[in-house]
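Engineer: The residues making up each chain are set out below.
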Amino acid sequence: MQDLKPTNGFEEVFRKVQTLTDTPMHYCPGCGHGVVHRLLMEVVDEMKIQDKTVGVAPVGCSVFAYHYMNIDMQEAAHGRATAVATGIKRVLPDRYVFTYQGDGDLAAIGTNETIHTVNRGENILIVFINNGVYGMTGGQMAPTTLAGMKTTTSPFGRDIATMGHPLKITELVAQLPGAYYVTRHAVHTPTAVRKLKKAFRIAFEFQEMKKGTCFVEVVSNCPSGWKMTPQESNKWMEQNMFPYYPLGDLKVPKVRMN
Amino acid sequence: MKMNSEISLMKGNEALAEAALRAGMQAYFGYPITPQSEILEYLAVHGPKRGAVILQAESELAAINMVYGAAGAGARVMISSSSPGISLMQEGISYMASAEIPFLIVNVQRGGPGLGTIQPSQGDYFQATKGGGHGDYRLIVLAPASVQEMADFVFDGFRLAEKYRVGTMILADGALGQMMEKVTLPPASSLPPKEKPWATVGKPSTRERNILTSLFIQPEKMEEVNLKLQKKYRDIQSEVRYEAIQVEDAEIVLVAFGLSARISQKALELARAKGIRVGLVRPITLYPFPSAILSQIALSVEAFLVVEMNAGQMLEDVELAVRGVKPVMFKGRMGGMLPSPEEVLKEIESLAAVRSASSALIS
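Residue numbers (my numbering), protein chains in the order written: chain A, 1 to 258; chain B, 1001 to 1363.
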């Protein structure tokens, strides 16, 4: 994978890929964003497509993704990342284009753009981070907040009768003919991390084949928003988020690649 | 449609769309709305076979953000809509102003506020010339008064947008969009492509990554960005354009843009025939606004009459330029109604009557 060399008598066991910058990440301890950023950029590095990749950052905790990813990037308005990505991809059809969006961005304010971008089968990768909460603004209720889950704007727990149901947008997206590959992952264990990286790789390879939209959800924790330690939050995620947002493939093309 | 310079009889909207293809437009994003849907329709027929990306978006909001993406990726991009749709696009326009992404936007105005009417109006002057969305920014605003200018200003619009990395707006109205006139179209590819080293096209190892953003969380940095934008807007003042008709001997000067200027020119002829010395200043760029010529004329004329298809919006800019040196009167119609040349003439005549009565009192 990486060309590691012994240095100063120490054995080199890991090296940051050059597709990541040296900027220290601002994410909270235990947050999944850093790992997802790294996996995405490792795939870009391994496929040697840095000069052909354009990313779109959202509004949300990952609004500063362009500080960390050493690629050309555009910062989109809240919810509009897939529209921006559509614009980029249509004029640069041979580039690899991805959006990186949270649940508020993709599944609330940007639902219209999300559905229609996938429905057009835009040849882009949509990375969807779902932690059931608006992290950047301080832990408000998101469209994906679970029933009964307490947030700063559902202080007594999400009441389905008045606040609606947690939105399974990934299931919705998978129904659309324009969606080619739809899968749900997490980064809470080393195995999960490896699986997600493979999903990113497959998605970029499909993009090259111009097959349609690839949609990768990452169910993530939010220790700060959930007011838990990182360990507690991962446990809570497994016990509460996974039953409602089960991990695995939702739509896989019949012809899988090796 | 032949590709060389030629004379055609075309609708304003179609002439504009054809001009965009000849000006090397690479992408257009739109959403149907009356009275400008012919632009999208014309481009849907003629765009793809001439190499342009033409996409009907799911909303004006999505369309303007597609412009952000495509223009940010270095393409020459146009978008068009009419008043209610332009309101929806303000988010993207503000973001592009801050991220310094050049684009051409066309507003074929209709009467408002709200869903309003589909008839022509100039009710969006404030929105077009004062920013429109949030934050301190401007668009260059070009006001065509003929089908010919609907076509010509597409070239000027792209050129100015790319020169200054700003948005340029063609502020037309439903009548200009729908009416048919003779138009001479310039040949294709007469506007050379512009180098855009800032565009996000994929980072080669030879340069740092390109980032297009409007987020500058540190206030010091945000102020720096604002100062840079303001300097750019000062530089843009040199692009001011206007047409002055028979102002040399005029006692009353009409100030009007777009279709109102066409109506005012007819009123001018009617007044001249009656022996009233009337002139006309037609701002072609509404931003930058031709203040200097109006300040200068204020020294020699007796009064100004501003004619608009709104409640008096450019009127405020004329008043600022004249600075109380001479009276500035106003004649407007709203909500899709046009002032007739006779109505304007009536205003001119009452102004002239007041003037001769007061000069009789003084002498």
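Derived by calculation from the structure, the hints in this document are not laboratory data. All values reported here derive from a predicted model rather than from experimental measurement. Please note: incorrect hints may appear among the correct ones.
As the list claims (entries may be wrong) - Cut-off 30 Å, straight-line C-alpha distance, at most; resulting in silico cross-link-like pairs (DSBU-like, lysine-lysine):
(1) Lys1194/B / Lys1232/B
(2) Lys1049/B / Lys1232/B
(3) Lys1130/B / Lys1049/B
(4) Lys1196/B / Lys210/A
(5) Lys195/A / Lys16/A
(6) Lys48/A / Lys1232/B
(7) Lys48/A / Lys1196/B
(8) Lys1194/B / Lys52/A
(9) Lys52/A / Lys1130/B
As the list claims (entries may be wrong) - The calculated label-pair distances, taken between Cβ atoms and stated as ranges, are:
(10) Ile160/A / Glu1041/B: 38 to 46 Å
(11) Pro1032/B / Gln175/A: 36 to 44 Å
(12) Glu1041/B / Lys254/A: 37 to 45 Å
Note that the Cβ used here is the ideal one computed from N, Cα and C, for glycine as well.
Engineer: Determine for every hint whether it applies to the structure shown.
Structural biologist: Right, here's what the structure says about each hint:
1. Lys1194/B / Lys1232/B: holds (18 Å)
2. Lys1049/B / Lys1232/B: Violated, at about 37 Å.
3. Lys1130/B / Lys1049/B: violated (38 Å)
4. Lys1196/B / Lys210/A: holds (27 Å)
5. Lys195/A / Lys16/A: OK: Lys195/A and Lys16/A at ~19 Å, within 30 Å.
6. Lys48/A / Lys1232/B: violated (38 Å)
7. Lys48/A / Lys1196/B: Holds: Lys48/A and Lys1196/B sit about 24 Å apart, inside 30 Å.
8. Lys1194/B / Lys52/A: Holds - the C-alpha atoms of Lys52/A and Lys1194/B are around 21 Å apart, at most 30 Å.
9. Lys52/A / Lys1130/B: violated (38 Å)
10. Ile160/A / Glu1041/B: 38 to 46 Å: Hint holds: Cβ distance 45 Å, inside 38 to 46 Å.
11. Pro1032/B / Gln175/A: 36 to 44 Å: violated (26 Å)
12. Glu1041/B / Lys254/A: 37 to 45 Å: holds (39 Å)
Violation of the numbered hints given earlier is confined to hints 2, 3, 6, 9, 11; the remaining hints are satisfied by the structure.
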